[in-house]
Amino acid sequence: MKTAADPSTLRRTRGNAATESQAHDVVLQVSGLAVDIRTHRGTVRAVNSVGFEARAGETLALLGESGCGKSMTAKALAGIMDPVCDLADGQIVLNGTDLAALTPKERLKFAGPELGIVFQDALTALNPVYTVGTQLGEAFRIHRGLNAKQAKAEAIELMKRVGIPEPESRVNSYPHQFSGGMRQRILIAMAVALNPRLLIADEPTTALDVTVQAQIMQLLRKLREEGQMAVILITHDLAVVAEEADSVAVMYAGNVVESGPVAEVFADPRHPYTKGLLESVPVHLERGDQLKSIPGSPPELHDIPSGCVYQSRCPMVQDICRAERPALRPAGRRRTQSGAATAEADLEQATSAGTNDGGATDRPVRTAACHFSEEITNA
Amino acid sequence: MLTYLRKRIISSALPLVVVVVGVFALARMTGNPAALYLPLNATQQMRDDFTARNGLDQPLLVQMADYFGGVLRLDFGQSLRTGQDAAAMALRAFPATLQLAATTMVLAVVLAVIVGCWAALKPNGIADRISSFISMAAASIPDFWLAIVGIWIFAITLGWVPTSGVSGASAWVLPIATLLLRPFGVLVQIVRGSMVSALSEPYIKLARSRGAGELRVVTHHALRNAAAPALTVAGDLTVGLVNGAVVVETIFGWPGIGKLMIDSILQRDFAVLQAAVLLTAVAIFALNILIDMGYALLDARVRPVTVKA
Numbered sequence: 079m080k081t082a083a084d085p086s087t088l089r090r091t092r093g094n095a096a097t098e099s100q101a102h103d104v105v106l107q108v109s110g111l112a113v114d115i116r117t118h119r120g121t122v123r124a125v126n127s128v129g130f131e132a133r134a135g136e137t138l139a140l141l142g143e144s145g146c147g148k149s150m151t152a153k154a155l156a157g158i159m160d161p162v163c164d165l166a167d168g169q170i171v172l173n174g175t176d177l178a179a180l181t182p183k184e185r186l187k188f189a190g191p192e193l194g195i196v197f198q199d200a201l202t203a204l205n206p207v208y209t210v211g212t213q214l215g216e217a218f219r220i221h222r223g224l225n226a227k228q229a230k231a232e233a234i235e236l237m238k239r240v241g242i243p244e245p246e247s248r249v250n251s252y253p254h255q256f257s258g259g260m261r262q263r264i265l266i267a268m269a270v271a272l273n274p275r276l277l278i279a280d281e282p283t284t285a286l287d288v289t290v291q292a293q294i295m296q297l298l299r300k301l302r303e304e305g306q307m308a309v310i311l312i313t314h315d316l317a318v319v320a321e322e323a324d325s326v327a328v329m330y331a332g333n334v335v336e337s338g339p340v341a342e343v344f345a346d347p348r349h350p351y352t353k354g355l356l357e358s359v360p361v362h363l364e365r366g367d368q369l370k371s372i373p374g375s376p377p378e379l380h381d382i383p384s385g386c387v388y389q390s391r392c393p394m395v396q397d398i399c400r401a402e403r404p405a406l407r408p409a410g411r412r413r414t415q416s417g418a419a420t421a422e423a424d425l426e427q428a429t430s431a432g433t434n435d436g437g438a439t440d441r442p443v444r445t446a447a448c449h450f451s452e453e454i455t456n457a
Numbered sequence: 003m004l005t006y007l008r009k010r011i012i013s014s015a016l017p018l019v020v021v022v023v024g025v026f027a028l029a030r031m032t033g034n035p036a037a038l039y040l041p042l043n044a045t046q047q048m049r050d051d052f053t054a055r056n057g058l059d060q061p062l063l064v065q066m067a068d069y070f071g072g073v074l075r076l077d078f079g080q081s082l083r084t085g086q087d088a089a090a091m092a093l094r095a096f097p098a099t100l101q102l103a104a105t106t107m108v109l110a111v112v113l114a115v116i117v118g119c120w121a122a123l124k125p126n127g128i129a130d131r132i133s134s135f136i137s138m139a140a141a142s143i144p145d146f147w148l149a150i151v152g153i154w155i156f157a158i159t160l161g162w163v164p165t166s167g168v169s170g171a172s173a174w175v176l177p178i179a180t181l182l183l184r185p186f187g188v189l190v191q192i193v194r195g196s197m198v199s200a201l202s203e204p205y206i207k208l209a210r211s212r213g214a215g216e217l218r219v220v221t222h223h224a225l226r227n228a229a230a231p232a233l234t235v236a237g238d239l240t241v242g243l244v245n246g247a248v249v250v251e252t253i254f255g256w257p258g259i260g261k262l263m264i265d266s267i268l269q270r271d272f273a274v275l276q277a278a279v280l281l282t283a284v285a286i287f288a289l290n291i292l293i294d295m296g297y298a299l300l301d302a303r304v305r306p307v308t309v310k311a
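Residue numbers (my numbering), protein chains in the order written: chain H, 79 to 457; chain Y, 3 to 311.
Hints are computed from structural coordinates only; laboratory data are not their basis.
Some hints could be false.
[Stated by the list, open to error] Listed next, the in silico SDA-like pairs over lysine to any residue satisfying Cα-Cα at most 25 Å (straight line):
(1) H:Lys-300 with H:Glu-357
(2) H:Lys-227 with Y:Lys-124
(3) H:Lys-183 with Y:Glu-216
(4) Y:Lys-124 with H:Ala-317
(5) Y:Lys-124 with H:Leu-224
(6) H:Lys-187 with Y:Leu-109
(7) H:Lys-238 with H:Arg-248
(8) H:Lys-227 with Y:Leu-123
(9) H:Lys-238 with H:Asp-199
(10) H:Lys-183 with Y:Asp-301
(11) H:Lys-187 with Y:Glu-216
(12) H:Lys-227 with Y:Leu-109
(13) H:Lys-187 with Y:Arg-218
(14) Y:Lys-124 with Y:Leu-109
(15) H:Lys-187 with Y:Asp-301
(16) H:Lys-183 with Y:Leu-300
(17) Y:Lys-124 with Y:Asp-51
(18) H:Lys-183 with Y:Gly-296
(19) H:Lys-187 with Y:Leu-300
(20) H:Lys-238 with H:Gly-305
(21) H:Lys-227 with Y:Ser-202
(22) Y:Lys-124 with Y:Gln-47
(23) H:Lys-238 with H:Leu-224
(24) Y:Lys-124 with H:Gly-258
This one's a predicted model, so the numbers in the text were calculated from it and none came from an experiment.
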């Protein structure tokens, strides 16, 4: 196969994983997820009928700009929403259990063993008054009933696993005594402590400098492959999505506007917002060229228009867009001549090749929420 | 830790001297004790004799030097009123105040933590509104008024407790209830505020994402982070109580340091007043050192000796 010949792709490494049969199993299926926020100006919908699925051993990226609801979605999945937020609707089926239907107490059983989450800012995400060892060991004490000593031993093992030097002595240090990158490693260790089926990484590298970012992404990739976890990567970084993710769901103003395999979506966007995002990446620009951007800003949650959420910024807006909100429906696959290579290609290859289409049957379906998704061309 | 303690003790010496000098000078501005201790028809000769006998005819600076000389030899002078050693009188009165203060603060802190946490669990919820009303009222009611109303209802009308004195456990009820109210009210608001902010921290969300239940989140993760502001305020309130709950001790005839101070001011008993103030000041400095050590215990970030990183 073409892919196996290319050592730089992630697919090949995953193909080598021992648990091939488990790979690509759907671990998490989210459908119709809606989150309301109670504000003093009334209730607003921050996440609206969002749906996607995450597969074992794969990374699903939730891509969008600040305030698009991607973090809110993550918190809803993990059951750690702010008190002013309500899960208004939807199913969060994790390994056959609908988390949305559980009481907060029942849900605690899943928090840790089934699902782990990593936050953006590791300093505020770690409790400043306890040693990292105490915090790393907590999951073992809660879910496995270990005593303090056993939990500490597990904490040291975890620190080894995520590459923290001298874990035996560092286990007694406090969060403020670690560097930003090390703190992020600790946070990741905490999330994977009980080998969850699903790992949610909410902008795990945004607060880090670039050299450390790469190390952290590498660590996440390693842990994903070792544990055949499904990873949901929340980010606004297109390059990270291109490098790390298998599939992507693009969010805008609380809605998923387009989703599908990363290579396909990036090569052939079927929503004007995705297209705008991709065009704002300075790929072939020369010094002095104007950077492209999407004019305008996302709508306020208080007055989301009744039609398409993207209408105010869309260059191809029509009357129907203002009248009727397009549903997320299957899109793409215009060119059905299968070429398995495309799915494995990274962003650059895909952008240059541009015209191929993945045909693998187990791939997530491509969807887009645009009345004119067929007319968007990747010029 | 020892270096730290030594530093703190040395640095508190100067403020202590300032306190004693201040009290020394101010006390002497209240008038000559001769007018109080001698009969109305005493002759000028008798007055001069009394003044000279007690060294009050000397210039203020000489008196002060004399006093400090005594303090260095742990001689704090004698009471004009009883002729007893002033330091002994102050030390005898102090335990009564300390017992009252300690019992009150322990109760206030425990109750305030429970009510404050309960309120913080759901900001603006019913529990929060109720506790906010109660704590506001508790912090606002003047203690002398409450003491008098308390005596009227529970001691005089119902006869459940004595009106004053230290006879038996029931005598503790009214003084403690009176003293408790304000610290409780203030602390509830502090605990509630710092718990609300601690509970909204990302590390609390992360603890929940590890499967920590509500009880564990509140008592293990949030409370220790919320404790520092409460410790500061509790320390401040304790200072107020150690300083002699003057009003309450006077109303209930509680033989504590506050009552001793008021009595010695009224009687121009300078040596006793100075000894009482100095003792209280030392106690307050000790308390402040304890509070600082409390911070260090709670939070590694403020520990004076940094652990090897």
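message = Of all the hints numbered above, which does this structure not satisfy? Sort the numbers upward.
response = Those not satisfied are hints 1, 2, 4, 5, 6, 8, 10, 12, 15, 16, 17, 18, 19, 21, 22 and 24.
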